[in-house]
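Given only the sequences and the hints, what does the whole structure look like? Please build it.
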Amino acid sequence: MAKVVADGRVSGMTTLLVRHGQVVGFKTYGKKDLATGAPMDKDTIFRIYSMSKPITGVAMMILYEEGKWKLDDPVTKFIPEFKNLKVMAGVDDKGNMITVPAERPPTMREIMSHTAGFGYGLGDRHPVDRMFREKRVLGANGLNDMITRISDIPLMFQPGTAWSYSVSVDIQGAIVERISGQTLGAFMEERIFRPLKMVDTGFYVPAGKTDRLATLYMTDPKTRQNVLATAIFDNPPPDYTKAPTMESGGGGLVSTTSDYGRFSQMILNGGELEGARILSPAAVELMRTNVIPKSVLVTSNGTSGSRFNEAVGFGLDFMVNLDPRASGSLEGANTMSWGGAAGTWFWIDPTNDLYFVGMIQRLGGTGGEDLGTAARTLTYQALVDPKK
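Going by the UniProt record's numbering, the first residue of the sequence shown is number 1, and it counts up by one from there.
No lab work stands behind these hints, which were simulated from the structure alone. Just so you know, even glycine gets a beta-carbon here, dropped at the ideal spot from N, CA and C. A few of these clues could be false.
[Said to hold, decoys possible] Subject to a maximum C-alpha distance of 27 Å in a straight line, what follows is the list of computed DSS-like cross-link-like pairs (lysine-lysine):
id, residue 1, residue 2
1, K83, K68
2, K135, K86
3, K135, K77
4, K197, K68
5, K209, K27
6, K70, K86
7, K294, K70
8, K387, K27
9, K42, K3
10, K42, K242
11, K209, K242
12, K94, K135
13, K83, K135
[As the list claims (entries may be wrong)] Computed beta-carbon distance windows for the label pairs:
id, residue 1, residue 2, range
14, E134, V199, 37 to 43 Å
15, K3, T223, 18 to 24 Å
16, A282, V384, 29 to 35 Å
17, G37, T148, 43 to 49 Å
18, R130, G25, 39 to 45 Å
19, T223, G270, 46 to 52 Å
20, D220, P281, 46 to 52 Å
21, R130, T241, 27 to 33 Å
The following block contains the structure:
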(Lines of atoms letter the chains of each structure in order from A and count residues from 1; the text may use other names and numbers.)
(Lines give C-alpha, C1' and ligand atoms only; values in the text may rest on other atoms or scores of the structure.)
Protein backbone atom coordinates (compact mmCIF):
# COMPACT_ATOMS: atom_id res chain seq x y z
CA MET A 1 0.00 0.00 0.00
CA ALA A 2 2.78 2.42 0.94
CA LYS A 3 4.61 1.71 -2.33
CA VAL A 4 1.54 2.53 -4.43
CA VAL A 5 1.49 5.98 -2.81
CA ALA A 6 5.27 6.43 -2.80
CA ASP A 7 5.39 5.66 -6.53
CA GLY A 8 2.85 8.43 -7.16
CA ARG A 9 0.15 6.16 -8.53
CA VAL A 10 -2.25 7.28 -5.79
CA SER A 11 -1.98 10.62 -3.98
CA GLY A 12 -2.97 9.24 -0.60
CA MET A 13 -4.81 6.42 1.11
CA THR A 14 -6.31 5.24 4.36
CA THR A 15 -6.84 1.62 5.40
CA LEU A 16 -8.81 0.29 8.36
CA LEU A 17 -8.88 -3.36 9.43
CA VAL A 18 -11.01 -4.43 12.41
CA ARG A 19 -11.44 -7.94 13.83
CA HIS A 20 -13.57 -9.02 16.80
CA GLY A 21 -14.49 -5.34 17.20
CA GLN A 22 -10.86 -4.35 17.79
CA VAL A 23 -8.74 -2.21 15.47
CA VAL A 24 -5.97 -4.32 13.97
CA GLY A 25 -4.59 -1.47 11.89
CA PHE A 26 -5.68 2.05 10.94
CA LYS A 27 -3.12 3.65 8.66
CA THR A 28 -2.78 6.74 6.51
CA TYR A 29 -0.45 7.24 3.56
CA GLY A 30 0.47 10.22 1.41
CA LYS A 31 -1.44 13.43 0.85
CA LYS A 32 -5.08 14.40 0.68
CA ASP A 33 -4.05 17.35 -1.52
CA LEU A 34 -0.89 17.31 -3.62
CA ALA A 35 -0.82 21.06 -4.29
CA THR A 36 -0.87 22.11 -0.63
CA GLY A 37 0.92 19.06 0.69
CA ALA A 38 -1.82 18.51 3.27
CA PRO A 39 -1.35 15.01 4.69
CA MET A 40 -3.94 12.27 4.54
CA ASP A 41 -5.53 12.05 8.00
CA LYS A 42 -7.72 9.53 9.78
CA ASP A 43 -10.59 12.04 9.68
CA THR A 44 -10.21 12.93 5.98
CA ILE A 45 -13.58 13.08 4.20
CA PHE A 46 -13.98 11.13 0.96
CA ARG A 47 -16.48 10.99 -1.89
CA ILE A 48 -17.59 7.37 -1.55
CA TYR A 49 -19.76 7.29 -4.67
CA SER A 50 -21.19 3.76 -5.05
CA MET A 51 -20.33 2.80 -1.48
CA SER A 52 -23.48 4.87 -0.84
CA LYS A 53 -25.49 1.97 -2.23
CA PRO A 54 -25.29 -0.41 0.76
CA ILE A 55 -26.32 2.46 3.05
CA THR A 56 -29.37 3.12 0.89
CA GLY A 57 -30.05 -0.61 1.02
CA VAL A 58 -30.10 -0.45 4.81
CA ALA A 59 -32.54 2.48 4.63
CA MET A 60 -34.78 0.30 2.48
CA MET A 61 -34.50 -2.62 4.88
CA ILE A 62 -35.53 -0.44 7.83
CA LEU A 63 -38.79 0.20 5.98
CA TYR A 64 -39.02 -3.47 5.00
CA GLU A 65 -38.92 -4.47 8.65
CA GLU A 66 -41.69 -1.97 9.35
CA GLY A 67 -43.87 -3.85 6.86
CA LYS A 68 -43.90 -1.01 4.33
CA TRP A 69 -42.93 -3.17 1.35
CA LYS A 70 -42.29 -6.78 0.31
CA LEU A 71 -39.59 -8.26 -1.92
CA ASP A 72 -42.05 -9.35 -4.59
CA ASP A 73 -44.08 -6.14 -4.61
CA PRO A 74 -44.13 -4.56 -8.08
CA VAL A 75 -42.15 -1.33 -8.06
CA THR A 76 -45.22 0.36 -9.54
CA LYS A 77 -46.82 0.12 -6.10
CA PHE A 78 -44.52 3.00 -5.12
CA ILE A 79 -43.50 4.40 -8.51
CA PRO A 80 -46.69 4.46 -10.63
CA GLU A 81 -44.77 6.41 -13.28
CA PHE A 82 -43.23 3.05 -14.29
CA LYS A 83 -46.55 1.38 -15.21
CA ASN A 84 -45.92 1.61 -18.98
CA LEU A 85 -42.24 0.68 -19.21
CA LYS A 86 -40.88 -0.52 -22.55
CA VAL A 87 -37.99 -2.91 -23.18
CA MET A 88 -35.39 -2.55 -25.91
CA ALA A 89 -35.70 -5.49 -28.32
CA GLY A 90 -33.08 -4.45 -30.88
CA VAL A 91 -32.58 -1.90 -33.66
CA ASP A 92 -34.01 -1.72 -37.17
CA ASP A 93 -31.99 -1.43 -40.39
CA LYS A 94 -31.90 2.34 -39.95
CA GLY A 95 -30.46 2.10 -36.48
CA ASN A 96 -33.66 3.06 -34.69
CA MET A 97 -34.43 1.33 -31.41
CA ILE A 98 -37.14 -1.32 -31.44
CA THR A 99 -39.11 -1.63 -28.20
CA VAL A 100 -41.73 -3.97 -26.81
CA PRO A 101 -43.86 -3.62 -23.66
CA ALA A 102 -42.40 -4.93 -20.42
CA GLU A 103 -43.96 -8.31 -19.67
CA ARG A 104 -44.47 -7.19 -16.07
CA PRO A 105 -43.21 -4.43 -13.77
CA PRO A 106 -39.87 -5.00 -12.04
CA THR A 107 -40.15 -6.20 -8.44
CA MET A 108 -38.55 -4.68 -5.37
CA ARG A 109 -36.24 -7.71 -5.21
CA GLU A 110 -35.04 -6.88 -8.74
CA ILE A 111 -34.68 -3.19 -7.92
CA MET A 112 -32.35 -4.14 -5.05
CA SER A 113 -30.25 -6.59 -7.07
CA HIS A 114 -29.74 -4.81 -10.43
CA THR A 115 -31.89 -7.33 -12.28
CA ALA A 116 -34.78 -4.96 -13.06
CA GLY A 117 -33.42 -3.97 -16.48
CA PHE A 118 -32.74 -0.26 -15.93
CA GLY A 119 -29.72 1.42 -17.47
CA TYR A 120 -27.37 3.86 -15.72
CA GLY A 121 -25.50 6.06 -18.18
CA LEU A 122 -22.06 5.54 -16.65
CA GLY A 123 -20.89 4.26 -20.03
CA ASP A 124 -22.25 4.93 -23.50
CA ARG A 125 -21.85 1.62 -25.32
CA HIS A 126 -25.44 0.51 -24.86
CA PRO A 127 -28.21 2.55 -26.53
CA VAL A 128 -30.18 2.65 -23.27
CA ASP A 129 -27.17 4.08 -21.42
CA ARG A 130 -26.81 6.72 -24.13
CA MET A 131 -30.42 7.72 -23.50
CA PHE A 132 -29.66 8.05 -19.78
CA ARG A 133 -26.86 10.44 -20.66
CA GLU A 134 -28.94 12.41 -23.16
CA LYS A 135 -31.70 12.88 -20.58
CA ARG A 136 -29.15 13.68 -17.86
CA VAL A 137 -30.88 11.30 -15.46
CA LEU A 138 -28.14 11.61 -12.84
CA GLY A 139 -28.31 15.41 -13.10
CA ALA A 140 -32.05 15.61 -12.46
CA ASN A 141 -33.67 18.29 -10.30
CA GLY A 142 -34.53 15.97 -7.45
CA LEU A 143 -35.58 12.34 -7.22
CA ASN A 144 -39.11 12.86 -8.55
CA ASP A 145 -37.71 14.57 -11.65
CA MET A 146 -35.27 11.67 -12.01
CA ILE A 147 -38.18 9.20 -11.94
CA THR A 148 -39.96 11.17 -14.68
CA ARG A 149 -36.88 11.07 -16.88
CA ILE A 150 -36.34 7.34 -16.34
CA SER A 151 -39.98 6.50 -17.10
CA ASP A 152 -39.48 7.46 -20.76
CA ILE A 153 -36.37 5.27 -21.24
CA PRO A 154 -36.72 1.58 -22.21
CA LEU A 155 -35.33 -1.18 -20.03
CA MET A 156 -32.27 -3.06 -21.30
CA PHE A 157 -33.98 -6.42 -20.85
CA GLN A 158 -37.16 -7.97 -19.50
CA PRO A 159 -37.20 -7.75 -15.67
CA GLY A 160 -35.45 -10.61 -13.90
CA THR A 161 -33.74 -12.06 -16.98
CA ALA A 162 -30.23 -10.56 -16.62
CA TRP A 163 -27.99 -8.47 -14.35
CA SER A 164 -26.77 -4.99 -15.22
CA TYR A 165 -25.34 -2.36 -12.88
CA SER A 166 -27.98 0.31 -12.85
CA VAL A 167 -29.75 3.37 -11.51
CA SER A 168 -31.88 1.10 -9.32
CA VAL A 169 -30.40 2.33 -6.04
CA ASP A 170 -31.31 5.91 -6.90
CA ILE A 171 -34.82 4.61 -7.54
CA GLN A 172 -34.65 3.07 -4.06
CA GLY A 173 -33.84 6.54 -2.72
CA ALA A 174 -37.03 7.85 -4.29
CA ILE A 175 -38.97 4.97 -2.74
CA VAL A 176 -37.54 5.75 0.70
CA GLU A 177 -38.71 9.34 0.30
CA ARG A 178 -42.21 8.36 -0.81
CA ILE A 179 -42.74 5.77 1.92
CA SER A 180 -41.23 7.78 4.77
CA GLY A 181 -42.39 11.26 3.81
CA GLN A 182 -38.85 12.53 4.47
CA THR A 183 -36.01 13.45 2.19
CA LEU A 184 -33.52 10.65 1.73
CA GLY A 185 -30.88 12.62 3.60
CA ALA A 186 -33.17 13.36 6.54
CA PHE A 187 -34.21 9.71 6.78
CA MET A 188 -30.62 8.50 6.72
CA GLU A 189 -29.56 11.06 9.31
CA GLU A 190 -32.38 10.13 11.70
CA ARG A 191 -32.42 6.37 11.24
CA ILE A 192 -28.79 5.49 10.40
CA PHE A 193 -26.15 8.19 10.82
CA ARG A 194 -27.20 9.66 14.15
CA PRO A 195 -27.79 6.30 15.91
CA LEU A 196 -24.46 4.96 14.59
CA LYS A 197 -22.60 8.21 15.39
CA MET A 198 -21.54 8.57 11.77
CA VAL A 199 -20.89 12.25 12.34
CA ASP A 200 -19.15 13.01 9.04
CA THR A 201 -21.43 11.19 6.58
CA GLY A 202 -23.98 12.98 4.42
CA PHE A 203 -24.73 14.33 0.97
CA TYR A 204 -22.36 17.30 1.25
CA VAL A 205 -19.56 18.66 3.42
CA PRO A 206 -20.67 21.53 5.69
CA ALA A 207 -18.65 24.74 5.78
CA GLY A 208 -16.75 23.93 8.95
CA LYS A 209 -15.38 20.67 7.52
CA THR A 210 -14.42 21.52 3.93
CA ASP A 211 -10.71 21.60 4.76
CA ARG A 212 -10.95 17.87 5.52
CA LEU A 213 -12.30 16.93 2.08
CA ALA A 214 -9.70 15.08 0.01
CA THR A 215 -8.98 16.42 -3.46
CA LEU A 216 -10.32 14.31 -6.32
CA TYR A 217 -7.78 13.14 -8.90
CA MET A 218 -7.69 11.16 -12.11
CA THR A 219 -4.84 9.48 -13.96
CA ASP A 220 -3.43 11.40 -16.91
CA PRO A 221 -3.55 8.89 -19.81
CA LYS A 222 -0.24 10.15 -21.23
CA THR A 223 1.92 10.67 -18.14
CA ARG A 224 0.12 8.19 -15.83
CA GLN A 225 0.41 10.82 -13.10
CA ASN A 226 -2.33 12.12 -10.80
CA VAL A 227 -4.02 15.25 -12.13
CA LEU A 228 -7.09 17.11 -10.92
CA ALA A 229 -10.28 15.35 -11.97
CA THR A 230 -12.11 17.31 -14.65
CA ALA A 231 -15.02 14.95 -15.29
CA ILE A 232 -16.76 11.89 -13.93
CA PHE A 233 -18.65 9.83 -16.50
CA ASP A 234 -18.36 12.80 -18.89
CA ASN A 235 -19.97 15.21 -16.41
CA PRO A 236 -18.21 17.84 -14.25
CA PRO A 237 -17.47 16.47 -10.76
CA PRO A 238 -20.19 17.57 -8.30
CA ASP A 239 -19.37 20.30 -5.80
CA TYR A 240 -19.62 18.47 -2.49
CA THR A 241 -19.31 21.68 -0.49
CA LYS A 242 -22.91 22.57 -1.41
CA ALA A 243 -26.20 20.76 -0.76
CA PRO A 244 -27.08 18.83 -3.94
CA THR A 245 -30.20 19.31 -6.01
CA MET A 246 -30.69 15.54 -5.98
CA GLU A 247 -29.67 13.31 -3.08
CA SER A 248 -28.28 10.30 -4.89
CA GLY A 249 -28.67 7.08 -2.95
CA GLY A 250 -26.61 5.37 -5.61
CA GLY A 251 -23.53 7.56 -5.39
CA GLY A 252 -23.97 10.85 -3.57
CA LEU A 253 -22.58 10.38 -0.07
CA VAL A 254 -19.36 11.57 1.51
CA SER A 255 -17.92 9.80 4.53
CA THR A 256 -14.78 9.06 6.50
CA THR A 257 -12.94 5.80 6.98
CA SER A 258 -14.09 5.65 10.60
CA ASP A 259 -17.72 6.40 9.78
CA TYR A 260 -17.86 3.70 7.14
CA GLY A 261 -16.18 1.42 9.61
CA ARG A 262 -18.99 2.01 12.08
CA PHE A 263 -21.51 1.17 9.38
CA SER A 264 -19.55 -2.00 8.55
CA GLN A 265 -19.34 -3.02 12.20
CA MET A 266 -23.10 -2.63 12.52
CA ILE A 267 -23.59 -5.02 9.61
CA LEU A 268 -20.99 -7.40 11.05
CA ASN A 269 -22.81 -7.34 14.41
CA GLY A 270 -26.09 -8.34 12.78
CA GLY A 271 -27.64 -4.87 12.63
CA GLU A 272 -26.57 -3.34 15.97
CA LEU A 273 -23.73 -1.15 17.24
CA GLU A 274 -23.14 0.03 20.81
CA GLY A 275 -26.77 -0.43 21.77
CA ALA A 276 -28.21 1.17 18.63
CA ARG A 277 -30.15 -1.42 16.65
CA ILE A 278 -30.70 -0.49 13.02
CA LEU A 279 -31.80 -3.87 11.63
CA SER A 280 -32.55 -7.32 12.97
CA PRO A 281 -29.99 -10.09 12.44
CA ALA A 282 -32.47 -11.75 10.09
CA ALA A 283 -32.66 -8.62 7.91
CA VAL A 284 -28.87 -8.48 7.64
CA GLU A 285 -28.83 -12.16 6.74
CA LEU A 286 -31.39 -11.45 4.02
CA MET A 287 -29.17 -8.70 2.61
CA ARG A 288 -26.26 -11.11 2.26
CA THR A 289 -28.35 -13.90 0.71
CA ASN A 290 -27.94 -14.26 -3.04
CA VAL A 291 -31.19 -13.28 -4.77
CA ILE A 292 -30.08 -13.63 -8.39
CA PRO A 293 -31.59 -16.65 -10.19
CA LYS A 294 -29.06 -19.33 -11.14
CA SER A 295 -29.78 -18.81 -14.84
CA VAL A 296 -28.80 -15.14 -14.49
CA LEU A 297 -25.75 -15.78 -12.31
CA VAL A 298 -23.94 -17.80 -14.94
CA THR A 299 -24.60 -15.36 -17.81
CA SER A 300 -23.90 -11.97 -16.22
CA ASN A 301 -20.68 -10.10 -15.51
CA GLY A 302 -20.18 -8.59 -12.08
CA THR A 303 -17.98 -5.69 -11.07
CA SER A 304 -15.24 -5.15 -8.47
CA GLY A 305 -13.07 -7.70 -10.24
CA SER A 306 -15.50 -10.59 -9.78
CA ARG A 307 -17.55 -12.40 -12.38
CA PHE A 308 -20.87 -13.67 -11.14
CA ASN A 309 -21.16 -17.42 -11.04
CA GLU A 310 -22.44 -20.01 -8.61
CA ALA A 311 -19.74 -18.90 -6.14
CA VAL A 312 -20.22 -15.11 -6.36
CA GLY A 313 -23.70 -13.64 -6.31
CA PHE A 314 -25.58 -10.52 -5.32
CA GLY A 315 -27.80 -9.93 -2.32
CA LEU A 316 -29.75 -6.77 -1.52
CA ASP A 317 -27.38 -3.93 -2.49
CA PHE A 318 -24.26 -5.97 -1.66
CA MET A 319 -22.07 -8.31 -3.70
CA VAL A 320 -21.83 -11.61 -1.80
CA ASN A 321 -19.06 -14.20 -2.03
CA LEU A 322 -20.91 -17.43 -1.39
CA ASP A 323 -17.99 -19.82 -1.91
CA PRO A 324 -14.67 -17.94 -1.73
CA ARG A 325 -12.41 -20.88 -2.57
CA ALA A 326 -14.44 -21.71 -5.66
CA SER A 327 -14.24 -18.04 -6.68
CA GLY A 328 -10.48 -17.91 -6.08
CA SER A 329 -10.65 -15.58 -3.09
CA LEU A 330 -9.15 -15.79 0.41
CA GLU A 331 -12.02 -14.26 2.38
CA GLY A 332 -14.64 -16.12 4.38
CA ALA A 333 -17.98 -17.38 3.13
CA ASN A 334 -20.80 -14.83 2.78
CA THR A 335 -18.41 -11.88 2.63
CA MET A 336 -20.27 -8.72 1.57
CA SER A 337 -18.49 -6.06 -0.47
CA TRP A 338 -18.61 -3.18 -2.92
CA GLY A 339 -16.58 -0.17 -4.02
CA GLY A 340 -16.78 3.38 -5.32
CA ALA A 341 -15.85 5.22 -8.52
CA ALA A 342 -12.98 7.10 -6.84
CA GLY A 343 -11.28 3.92 -5.65
CA THR A 344 -12.87 3.40 -2.24
CA TRP A 345 -13.53 -0.22 -1.31
CA PHE A 346 -14.66 -2.38 1.58
CA TRP A 347 -15.56 -5.89 2.57
CA ILE A 348 -17.35 -7.38 5.57
CA ASP A 349 -16.40 -10.97 6.44
CA PRO A 350 -18.82 -12.55 8.94
CA THR A 351 -17.02 -15.91 8.92
CA ASN A 352 -13.81 -14.36 10.27
CA ASP A 353 -15.56 -11.53 12.16
CA LEU A 354 -13.66 -8.76 10.40
CA TYR A 355 -14.13 -5.84 8.06
CA PHE A 356 -11.81 -3.72 5.95
CA VAL A 357 -12.30 -0.19 4.60
CA GLY A 358 -9.90 1.36 2.09
CA MET A 359 -10.15 4.94 0.84
CA ILE A 360 -8.44 6.75 -2.03
CA GLN A 361 -9.65 9.61 -4.27
CA ARG A 362 -8.69 8.72 -7.81
CA LEU A 363 -11.35 8.21 -10.47
CA GLY A 364 -11.28 4.87 -12.17
CA GLY A 365 -11.63 2.79 -9.03
CA THR A 366 -8.70 0.71 -7.85
CA GLY A 367 -8.07 -0.45 -11.40
CA GLY A 368 -4.42 -0.77 -12.36
CA GLU A 369 -3.38 -1.30 -8.77
CA ASP A 370 -6.01 -3.90 -7.73
CA LEU A 371 -5.82 -2.61 -4.19
CA GLY A 372 -8.77 -4.73 -3.14
CA THR A 373 -7.00 -7.97 -3.99
CA ALA A 374 -3.76 -6.75 -2.41
CA ALA A 375 -5.57 -5.81 0.80
CA ARG A 376 -7.31 -9.17 0.95
CA THR A 377 -4.06 -11.05 0.36
CA LEU A 378 -2.24 -9.14 3.10
CA THR A 379 -5.15 -9.53 5.52
CA TYR A 380 -5.61 -13.26 5.13
CA GLN A 381 -1.88 -13.99 5.01
CA ALA A 382 -1.78 -12.54 8.52
CA LEU A 383 -4.81 -14.54 9.68
CA VAL A 384 -2.89 -17.74 10.41
CA ASP A 385 -5.31 -18.98 13.09
CA PRO A 386 -8.90 -18.04 12.19
CA LYS A 387 -10.19 -19.65 15.39
CA LYS A 388 -8.54 -17.00 17.56
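Cross-check of the supplied hints:
Annotation: proposed proximity of K83 to K68 holds, straight-line Cα distance about 20 Å (limit 27 Å). A distance of roughly 16 Å separates the Cα atoms of K135 and K86; the hinted pair therefore holds under the 27 Å criterion. Restraint check: the Cα-Cα separation between K135 and K77 comes to about 25 Å, which is no more than 27 Å; the hinted pair holds. About 26 Å separates the Cα atoms of K197 and K68, which keeps this hinted pair within 27 Å; it holds.
Of the supplied pair hints, the one linking K209 and K27 holds, its CA atoms being roughly 21 Å apart against a limit of 27 Å. Pair hint K70 plus K86 holds up; C-alpha atoms about 24 Å apart against a cutoff of 27 Å. A threshold of 27 Å between alpha carbons decides the hint, and for K294 with K70 the separation of about 22 Å falls inside it, so the pair holds. Taken as a hint, the K387 and K27 pair is honoured in the structure, with Cα atoms around 25 Å apart against an allowance of 27 Å.
Restraint check: the Cα-Cα separation between K42 and K3 comes to about 19 Å, which is no more than 27 Å; the hinted pair holds. Using a Cα cut-off of 27 Å, the hinted pair K42 and K242 holds, with the two alpha carbons roughly 23 Å apart. With a C-alpha separation of about 12 Å, the suggested pair K209 and K242 falls inside the 27 Å cut-off, and the hint holds. Taken as a hint, the K94 and K135 pair is honoured in the structure, with Cα atoms around 22 Å apart against an allowance of 27 Å.
Between K83 and K135 the CA atoms are separated by roughly 20 Å; this keeps the pair inside 27 Å, and the hint holds. Range check, E134 to V199: Cβ separation about 39 Å, and the 37 to 43 Å hint holds. For the pair K3 and T223, the beta carbons lie near 19 Å from each other, so the given range of 18 to 24 Å is met. Taking 29 to 35 Å as the suggested C-beta distance range, the pair A282 and V384 conforms, at roughly 33 Å.
Between G37 and T148 the CB atoms are about 46 Å apart, so this pair conforms to the stated range of 43 to 49 Å. Distance hint for R130 and G25: a CB-CB separation of about 44 Å, consistent with the stated range 39 to 45 Å. Range check, T223 to G270: about 47 Å between beta-carbon atoms, so the 46 to 52 Å window is met. Range check, D220 to P281: Cβ separation about 47 Å, and the 46 to 52 Å hint holds.
The hint said 27 to 33 Å for the Cβ distance between R130 and T241, and at roughly 31 Å that hint holds.
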